[in-house]
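Each chain, letter by letter, is given below.
Protein chains: 2
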Amino acid sequence: MPITVTDQTVLQQLPAALERKKFLTKDFKGLEYYHAIDDWKHIPRGTAVFGEQVVFGYPHIGRVLALEAGLKAHFQAPFWAEEKINGFNVRIARIGDKIVALTRGGFICPFTTDRLPDLMPLEIFQKEPGIIVCAEVAGPDNPYLESYPPFVKTDIQLFVFDLMAVGKPGFFPYEEKLTLLEKYSLPSVPRFGRFEIENVEAIRHLILDLHQKWHEGIVFKEDSERDHRAKYVTGNSNIDDIRAAADNLMELPPEYFTNRLLRLALFLEENGLTASATMKQDLGGAFLDGLHRAVEHYRREHRVYTTFRCRFREKENAELMLNHLKRASRRIKIVQRDLHQEEGHWLLEFDRIYPHLTGMLGDLLSGRMIFD
Amino acid sequence: MPITVTDQTVLQQLPAALERKKFLTKDFKGLEYYHAIDDWKHIPRGTAVFGEQVVFGYPHIGRVLALEAGLKAHFQAPFWAEEKINGFNVRIARIGDKIVALTRGGFICPFTTDRLPDLMPLEIFQKEPGIIVCAEVAGPDNPYLESYPPFVKTDIQLFVFDLMAVGKPGFFPYEEKLTLLEKYSLPSVPRFGRFEIENVEAIRHLILDLHQKWHEGIVFKEDSERDHRAKYVTGNSNIDDIRAAADNLMELPPEYFTNRLLRLALFLEENGLTASATMKQDLGGAFLDGLHRAVEHYRREHRVYTTFRCRFREKENAELMLNHLKRASRRIKIVQRDLHQEEGHWLLEFDRIYPHLTGMLGDLLSGRMIFD
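Protein sequence lines correspond, in order, to chains A and B.
Numbering of the first sequence is given in my numbering, commencing with residue 1 and proceeding in unit increments.
Numbering of the second sequence is given in my numbering, commencing with residue 1001 and proceeding in unit increments.
Just chain A, same shape as in the assembly (with noise of 0.2 Å):
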C-alpha cells in the first residue's frame, strides 16, 4: 500500500523542509509561497504550499518499452487510453484571487500564468472551488522546449488531462473527470476510450498511426481504485527528441541519445518494422542538422544558442518570466532579443547559450590537440 500523505503532514513538516532547504520559498507578485524541488518523506516534487492550502506535485508516470509486454506486466483492469502531448505539465490552481499555472516543479510559471485566459475558459474556478487542472502546454512558441507537437502549427495550446482538488494527492475518477471537461468546455488531450488488457492489436494500430503522424505517444490509465498508469511513446517521437536536442548535444547528459536509440529500436522489433532508409535519413539528419546548425552559429557568431519566442498579455510577466529562466539556468545562459508588442500580445524573444557546446568548438575550430 502506497502512503497517503495528507496537506496537513505537508503543512506540518514544512518548517523542517524549509530549513532543510527542501522546500524553497518563492514569490510571485506578492503571493508568497513554498515549493518541494524534490521528492522527500513521501512528499512528492512540485508540491506548492499557499498558506493553508497544499497543491500536491503531479506524480511520476512509468514508462514502458515493450507495448504488449507492458500492459500485460502492470494492468489488471481495463484502461482507458489518452494522447501523450509533447509539451510541459502545468497544475493550475486559484489561489485567493489569482489563477496561477505550477510547474512539474511547483514553480508558478509567469508564461502560462499569464496566457491562462487564452488557454481555456476559466470559469470552472468560480464553480468548483478547490479544482486543480492539470494540462500539458505544448506548441513551438513556449519557453522551456524545442519540440512541440506537429498540429500546433502556432503560438501554444493547452491540453488537459487530469482534475486534482487542493489538499488532496491523487486524481479525480475519470468519468468525473468526463463530466467537468465537458461541463466547463475544457480543452482536453485526444481520447482513445476504454480498452481491454487482451485488445492489444487494437492499441497498436493506435500507436502505429501516432507514429506514422510524428505524434507522441500514449498514457494508459487504469480504470479502477488504484487508477495505475502507464506511458509509451512511439518511434518516431525519439527522434523528435534527438533533432531537438542536437544542437544542444554536450550539454545533456549523453545517455539522453543512447536512451532514445534504445527506445526506438524496441519499437521497431515490438512492431515488426525495420528501419527504413527513410527512418535512417530521418535519424542521421537529427544528429547532423542540429549540429551543423551549431557549428555554424559558431563560425558566425562565436556562441551557440537556440532561439525562443513566446507571447504574453502582460510586458510584466514577460520580464518576470525572462528573470526567472536567467536564475533557473545555472549553466545555460538565457539573453534577451526582443521584447515588443506585436498583434495584442509581447513577443519576448530571448537566446538560450549553450557554454560547454560553445567553449568546446571554440577550441577545437582553433586546433586544440586531444588525448583520447
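No lab work stands behind these hints, which were simulated from the structure alone.
Note that the Cβ used here is the ideal one computed from N, Cα and C, for glycine as well.
Hints are not guaranteed to be accurate.
Distance ranges between label pairs, derived from CB positions [unchecked claim]: (1) Arg293/A <-> Leu1208/B: 17 to 25 Å; (2) Glu1342/B <-> Arg293/A: 51 to 59 Å; (3) Tyr1144/B <-> Arg226/A: 48 to 56 Å; (4) Asp1155/B <-> Pro253/A: 35 to 43 Å; (5) Arg204/A <-> Gln1336/B: 21 to 29 Å; (6) Lys1041/B <-> Glu255/A: 30 to 38 Å; (7) Arg293/A <-> Asp1338/B: 43 to 51 Å; (8) Pro253/A <-> Thr1004/B: 36 to 44 Å; (9) Leu252/A <-> Gly1359/B: 38 to 46 Å; (10) Leu1206/B <-> Asp118/A: 34 to 42 Å; (11) Pro253/A <-> Gly1359/B: 41 to 49 Å; (12) Leu208/A <-> Leu1208/B: 53 to 61 Å; (13) Leu1273/B <-> Leu339/A: 52 to 60 Å.
Reference listing, derived: stretches of chain A covered by chain B, where coverage requires no fewer than 3 residues with Cβ under 8 Å from a Cβ of chain B [as the list claims (entries may be wrong)]: (14) 70–81; (15) 118–124; (16) 137–150; (17) 342–355.
With chain A fixed as given, assemble chain B onto it according to the hints.
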C-alpha cells in the same frame, strides 16, 4: 622540455612500481615480464620489462578535430603524412630467442605473437638486435575489434609505421625508418609523402579521398628533431566506429557516440560539405542496424553478443588468447564457440557477451516500468 626517462630509471623504479601495482607481473610460456598498466612517474603505459630489457610504451598521439587549424597550431616544420589504419597497435621485439608482440597495454598478445611469421619477414630481428617494430594489426579476423579497414578483406594484415629500440623511448628518424623498412621488406602503412604546412589543400584532397573510400585517416609526423605528431580522421570513419559499437551501446561510455558525432559534424563543416541523404542514412543505419541485431539476438538466444574469430598457427596460443580475454574482461563475458583446424591454421571462434545490454533488454522486453 619533456622529461626523458631512461631504461635505468625504469629498472630502478620497478620494485616500487610492482609494490604499488603500477606494474604487473606476467608470464608468457615461461617468459616472465612486467608491464606498466598506466602512465606513472613519466614511464608510459604499456612499458614492458624483460630482465634488463625495457620496451617503452608507444606514446599517445594527439587528435585534432579541425584539420587546417590543427596543422597550423601544432607543426613548425614540414611533416610526413601516413595513413592511419583501423586496427590495434603492437610493438614487436626479440626477447632472447623469442619474438613477441606487445599490445598497447604492454601485454604479450598470444594471437599476434603466434601469427608473426605470416605477417612480416622476421629477418630484421636477427640483423638488428634490439629493434622494435611498431605496427597496426588490422582485418576482419582479429580478436579485439569489430571494425577493420575495407581493403583488408580476410584474416589480418600488419602495417608498420615506426621503429624503436629496446631500452630507449622515442622513434627512429623518418629517413632511417624508410631505409630499414625497405631493406627488410617490412609491410608499411601507406605513406603519402612530405608536406609543407602551407600545403593544406593537398592534404585536404587526400583526406577527402580517404573519407570517400571509408578509410580511417592520417597521422602527421613532423620532420624535425622533436618528431611532433597529430592524427586526424575522416568523417566516414566516425560512422564506421558507431556501426561497430552500436550493439554494444550500453557498455561503452555514451560519450563514445557524442564525440564521434561532433567529429563528423566538424569534418563536414571544415570541408564545406553538407550531410548528404546517403550519409544521414548511413549514420542512422549505423545506430539502428546494430541495435536491431542486438534485440534479435536477445529474442532468439536471451543474450546479446558479437562473434569473433581468428586464426592461429599453434593450438596452445589460441587457448592462451582465450584465457587472456576471459581474465582481462571483467564486465564482458567470453565464451568459446569453436576451435578446429582449417586450411593449415587453428580457427578459434568465440563470443563476447554484453551483460549490461543483455540484462537491460531482458528487463525491458518483459515489460519493466522505468521512471525517468
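Violated constraints from the hint list, given by number and in increasing order: 5, 9, 10, 11, 12, 13, 15, 16, 17
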